[in-house]
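**Student:** Sequence:
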Amino acid sequence: MADKNKKLRREQLLEKYHNNGFDGLTEHERLELLLTYAQADEPAVLAAELLGEYGSVNALADADTTLLMKDNRVNEQTAVLLRLIPCISCSLYSERFAIKTLNSSKAAIDYFASHFIGAVGEKLIMTAVSSRFRICVTKVLAFGTASRVSSSYRDIAEFAIKSDCDIFFIAHNHPHGEAKPSDSDMMFTRNALKALSTLGAVLADHIIIGAEGGFSIRSSGLLPEMKPNGVKGYK
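Sequence positions in the sequence shown follow my numbering and run 15 to 249.
Treat the hints as calculated values from the structure; they're not laboratory data.
Everything numeric in this text was worked out from a predicted model, so none of it was measured.
All the given hints hold, so there is nothing to weed out.
Computed beta-carbon distance windows for the label pairs: (1) Tyr51 x His190: 22 to 30 Å; (2) Ala171 x Lys21: 57 to 65 Å; (3) Lys120 x Tyr51: 35 to 43 Å; (4) Leu95 x Asp178: 35 to 43 Å; (5) His42 x Tyr167: 44 to 52 Å; (6) Glu25 x Arg146: 50 to 58 Å; (7) Leu28 x Val59: 18 to 26 Å; (8) Ser70 x Asp169: 31 to 39 Å; (9) Leu213 x Leu28: 53 to 61 Å; (10) Ile113 x Lys176: 16 to 24 Å; (11) Glu226 x Asn205: 22 to 30 Å; (12) Met201 x Val154: 18 to 26 Å; (13) Ser198 x Gly247: 23 to 31 Å; (14) Asn72 x Leu213: 34 to 42 Å.
Restricting the straight-line Cα-Cα distance to at most 30 Å, the calculated cross-link-like pairs of lysine-lysine (DSS-like) are: (15) Lys114 x Lys137; (16) Lys208 x Lys241; (17) Lys20 x Lys84; (18) Lys153 x Lys194; (19) Lys120 x Lys246; (20) Lys30 x Lys18; (21) Lys241 x Lys176; (22) Lys249 x Lys208; (23) Lys137 x Lys120; (24) Lys153 x Lys176; (25) Lys153 x Lys114; (26) Lys194 x Lys241; (27) Lys208 x Lys114; (28) Lys208 x Lys137; (29) Lys208 x Lys120; (30) Lys249 x Lys137; (31) Lys176 x Lys114; (32) Lys176 x Lys137; (33) Lys194 x Lys208; (34) Lys120 x Lys241; (35) Lys120 x Lys249; (36) Lys153 x Lys241; (37) Lys137 x Lys241; (38) Lys176 x Lys120; (39) Lys194 x Lys114; (40) Lys249 x Lys153.
Here a beta-carbon is modelled for each residue, glycine too, at the ideal position from N, C-alpha and C.
Hey, can you work out the whole structure from these sequences and the hints?
**Tutor:** Below, the structure written as structure tokens:
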């Protein structure tokens, strides 16, 4: 009888989804429907409990898979399925809204934001562009924790030399915080600027992506060595 009720409930949710679309489902119904594909026991109850603890499907999907699996109520299939949500979103975003030219801080923020969708911890990315600011190559230089990431200036120099470009961007994320530079972020930017200048290269900008937006250190004018409009062709 229990299995029959679960099947009936799933069919009801599917019918509502087909008739009204994703927006027609409540937050609880969205998670409950998702759990029916991975969780065998009481998806409705588990959905209510998880939403009570995490607050939303988005927050749950951003949770670390290993931590989720430590919860006896969540099996591996469920944890992986939840983490696939932001990963797939990132891939779709990158393909549909592909940005090929980083000639403004807005374009740079939009471009790098797509690289941090679903990121649990901080990571540092570096991008080389042509003289016309067309993207040539992007590489993740380092992965960090939820509140810190670090990379050597040697890594930055090696990437610059191998890319055979003269203009570069660096970007990192604050997964659970604001897109505001810390003192260490400013120091890192200053030193990266110096490291590239010794190679005759230019650091166009350092972009920080937070939970609710992005920040351009060059556009902010916070760093004297990195004046707004200081790089021709980049605004």
